[in-house]
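*Asks:* Mind assembling these two chains? They're in different frames, but the hints should get you there.
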Amino acid sequence: MERETAILSAQQLGIGYPTGRHGVKEVHGGLSFVLQRGELTCLLGANGSGKSTLLRTLSASQPPLAGEILLEGKALSALSEREISRKIGVVLTDKTQTGGLTVYELVALGRQPHTGFFGRLDSQDRQAVEQAIDAVGIAHKADAYMAQLSDGEKQKAMIAKVLAQECPLVILDEPTAFLDVVSRIEIMTLLHRIAATQHKAILLSTHDIEQALVLADRLWLLQKGCGMRCGVPEDLILNGELDTLFDRRDICFDRAHGSYYPSVQWEKEIVVEATDEILLHWTVNALNRNNYGCRIAPGGPQPGLPRLSVKSKDSLALHTTDGIQEFTTFADLIGYLKNTD
Amino acid sequence: MNRHPSPRREKRLITLLSLLLLALCAANLWFGSVHIPASGVWDILCGREPEKEVWKFIVLESRLPQMVAALLSGAALAVAGLLLQTTFNNPLAGPSILGIDTGASLGVALVMLFCGGNLGITETTSLTGFAAIIAGAFVGSVVVLGTILFFSTIVKNNIMLLIVGIMVGYITSSVISLLNYFATAEGVHSYTIWGMGNFSGVTGDQLPYFALSVSAGLLIAILLIKPLNALLLGERYAANLGVNIGLTRNLLLIVTGLLTASTTAFCGPVSFIGLAVPHIARLLLGSSNHNTLLPMTMLCGAVVTLLCNLICILPGESGILPINAITPVLGAPVIIYVIINQRKIQYFN
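So the protein sequences, as listed, match chains Y and E.
Numbering-wise, the working numbering puts 336 at position 336 of the first sequence, and it's gapless, one number per residue.
Numbering-wise, the working numbering puts 17 at position 17 of the second sequence, and it's gapless, one number per residue.
Just chain E, same shape as in the assembly (with noise of 0.2 Å):
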């Protein structure tokens, strides 16, 4: 499939996009509570030494961490997105409204109720905790994607499995608030700013592993093109053009619950990056084929979520604003532009 409607329109973006992604990497460095010049920044990228000692130690040990990920998280979100908007036939699927995000949370929870009461992930886990957490993480987001699946071979109309999704997420949430019950106040705590989504909380130390399970999901996401393509047309004609139905669907099934765990573990469910990233995505580029869309998605995901994070960071003394406030004003207005407008666009119809 290499006959696009417009590859200089394809290439033109993705330069664009590359461009963009460059600087918010470059802005999300040089923002930040303590005042650091460009220069300074530069210096210490370049290996050189500051003015002043602990300028390094704010950009290495604290703002590239959290470029990177929000870097990674946006793009393994956006990704989740889409694969889970092709496997279930369904353009509003998501994350966060199929309520998997809340399972990896719930995973999250239990991990850290059974660890010492605290809930979430903070600078002191050890890395074994770690492990377990995300381990957590991706059992709870796979038994929830599972249970949708379920669901999917029984409800067909696309619209009531989405108010199936949600209503699993709100068992699950359920589930999360009778932990928190039992946990004590300073985990209750930690959980519910861990809750508000923040990518200041990967250390140094942590992202190497979260960079390791995110680009192994995304790998995988990319392996599975030929068939996600394929799927475009339904599971009948995919399997009738030799695909693997069973398998696919567990690959899938992995992947997603994969990348929703990892950034969950890490940052707190962050909301619509998932549900309305694909979609920019699709409207920029113009094709639903995963060939272009898949890497345009990952692309577009890192972006965005750049964006918001330089956001949350612009206050600068006051405080970092949590992601989840900035999030659902840049993806829902996405979302009910492509339902007013869905006549109008391709993909839709």
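Bound-form chain Y, shown alone (with noise of 0.2 Å):
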């Protein structure tokens, strides 16, 4: 069963880059993974961490330091470039100068390692344009100029591109960079349905790490120094996984809510009460914004700590040694307890 939907694999691969003569830099040893087909597979990282090289050194832009890469198999040094460009189909963010050119032209360009020496499209060719720009959502726009595209549109064009290559490892590095919250929901959803119904085996770096722990089927963490972590979400983030992948102290995982937050230092503590999930995580999220550490009730008797109790969004109550305050908003809490200080 790992055999067949299983496309890409690597054994204790090294990637990095030539520096000078004859130097070379390693940026990562011993990396071994497998891309599954019908999977979509993210790929987070900080900065620096080596996420392009290794995507480059997947889509045979690069050569590997050591190890050898399996594509379906066989050995992706010995396929031929034209072979290559039937299997792994990327997504960059390299500059084009596609703006003069239709949203179908630029989607027939997929084509080309399909085509004949002057890239003529014959019946079958049109179709898989059209398949893939349907597939992408964006058929309206077909006639359109890329230029007049929003940039959500672009990015969709340019999979639709990747699509109508008809490779089965399609390869995106940060697809989702540079677009607005609605573009970068639609673009993760669309891969994510992608790789399932047209059972493709897709990879993407991102730094948009919310998205990806809703949306992938698979993680690879890849830190700098530690190599390359390799899992479901889900078990990644339970196992603790994600609290080290940002070696960073000031930074935080929220295990509960799939994020990074700041960790914040307090000078002063308090306890805090909530009716419900939402409301608590809200409240202690103000508190900690404005230097108090929150101990959440109940939790015993807290002598001398001042208590806030939330009851609803518009029902806030501070009790403290002096008696009880009554808010009705946020703000007019937090005013008060700068006010005290």
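Don't read these hints as lab results, they were simulated from the structure.
The reader is advised that the hints may include incorrect statements.
[What the hints assert, rightly or not] Derived SDA-like pairs (lysine to any residue); straight-line CA-CA distance at most 25 Å:
id	chain 1	residue 1	chain 2	residue 2
1	Y	Lys95	E	Asn244
2	E	Lys156	Y	Asp94
3	E	Lys156	Y	Phe178
*Replies:* Printed below as a string of structure tokens:
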């Protein structure tokens, strides 16, 4: 079963780039991984952790320093450029000159590995182009110039190009960088759906960890000096692997919400009780930001500490030794806390 | 890529430009320092004997080669410009701005200096001398182009690369000036005349060689249409689409060198055609797709250059204007227009 769905694998792979005449700079050594068909794999890591180097190595734009990459069981280094162009499609962050092409013409460029010397499209090519444009949902823009598209639509057109290429493996380098939230979610959802419906292996690098945790079938966590950890998001989160992805004291991973936040140093403490999870989360958020460490009630009596009781978003009661203060908004509460300093 | 935004516009344009081309060809044969009536030109072209024997000589030995030279040079330089713009991913690249025709000039100047102190092709140059001059021009332009290609791997900023090109051009010009210092006064004079650009230098005997080298360059350019389209996406995308980047780059280098070198050797360094015409073609066509853009660029290059040549010969009896006095007047406004309107022009974005 494993053999059937795995498309690309590597054992003890070393990646890096040559420096100067003879030297090489190894970015990572001993990487072992498998990419599965039908799965969306997200590669996460800090800037400089070697994400781009890994993606370039996997898309055969640069050779590995050690080990071998197997594509459908064959050594990647033994395949010709044309064979690779039919197996691995890429979406990059490179600047292009495609403003003067229509969306259809751009997507049709993806057929180049399949067309003849002059690149003429036959009916099968046209069908593939149209299906690709349909799949990313920009059929109504097929005749528009690339320059007339929004950034999100441009990225969809590039994805359509890679779909028209009909490669079983698609590698995308930060496909959601520079996009707004709506487009990011659209692109990630689209890629997740394509991986499942078209049975492709899709590998992408991203800084958008929240989206990746929601939609990735598998995560690759790349960290400088620590190699790569692979797994299903939930396993990695609950094993604490994401806590240490960024080797920084001042950043914490919130396992409950799947996001990173700055760790706070507080000088004062307060007891907090709230009627539901959402209220509690945002109350703690507000208090942390304002220099308060929170103890979640009930936790036994806390003599001497002020206590904030949140019944609803417009009913906040602060119990102190001086008595009870009522607030109707967080703005009022925060204003009061700042004034009492 | 057959789904073009407006195939009808494309057909209309090609028809219109072809008619314009024919009209300009006719006008280039008709006008000149000696008045020959249109009927006389027609008679000569149809092989009939004209009223005066000398007319036949003027039309067939002077005006026809000049017309064909202008037509071919225009197509060649325009295509060279288009190839450079696509290769460097830079709409402001061109053979003159990157100093490639200066490189060709240097090659010509070197060959001429070592072969007798004359600079530039004159009507008395022998055929072997000719081959040497073309080879010199080719080597000169390819060396400059190769230098700039090398710099393009280091300098990623487009505008900075253009400035590097201009600097390389300056250095090449300096060397030419130094060579001039050692050349005979006569040689310097003929080189200066040649440097102003002139399509009348190509004689009927030389024309086949010129036509052959330009046609070879244009043919290879046509064969490169598919990788050129892939290169619109940039080199890494093109490589992923199966394009052999090294081979394509080398072929583009050779073709651009050949086209620039042959025109420069025969007609002098002609400015602005290579830079401006691809823009005219793209603006008219509304597409960057080389399937249509490349033929359109050839056609526009021929039309624009014939128009320039016509303007040059219009003064009639008082002589011929240098071509480089006219091409900037037509070309520079196009570039300024394109730069000012770059936000509105699709292919710039």
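*Asks:* Within 25 Å, alpha carbon to alpha carbon, are E:Lys156 and Y:Phe178?
*Replies:* 21 Å, holds
*Asks:* Mind checking the alpha carbons of Y:Lys95 and E:Asn244 for me, to see if they're no more than 25 Å apart?
*Replies:* Cα-Cα ~20 Å, so holds.
*Asks:* Does Y:Asp94 lie within 25 Å of E:Lys156 when you go C-alpha to C-alpha?
*Replies:* At roughly 12 Å apart (the allowed maximum being 25 Å), Y:Asp94 and E:Lys156 satisfy the hint.
Violated hints are absent here; each numbered hint is respected by the structure.
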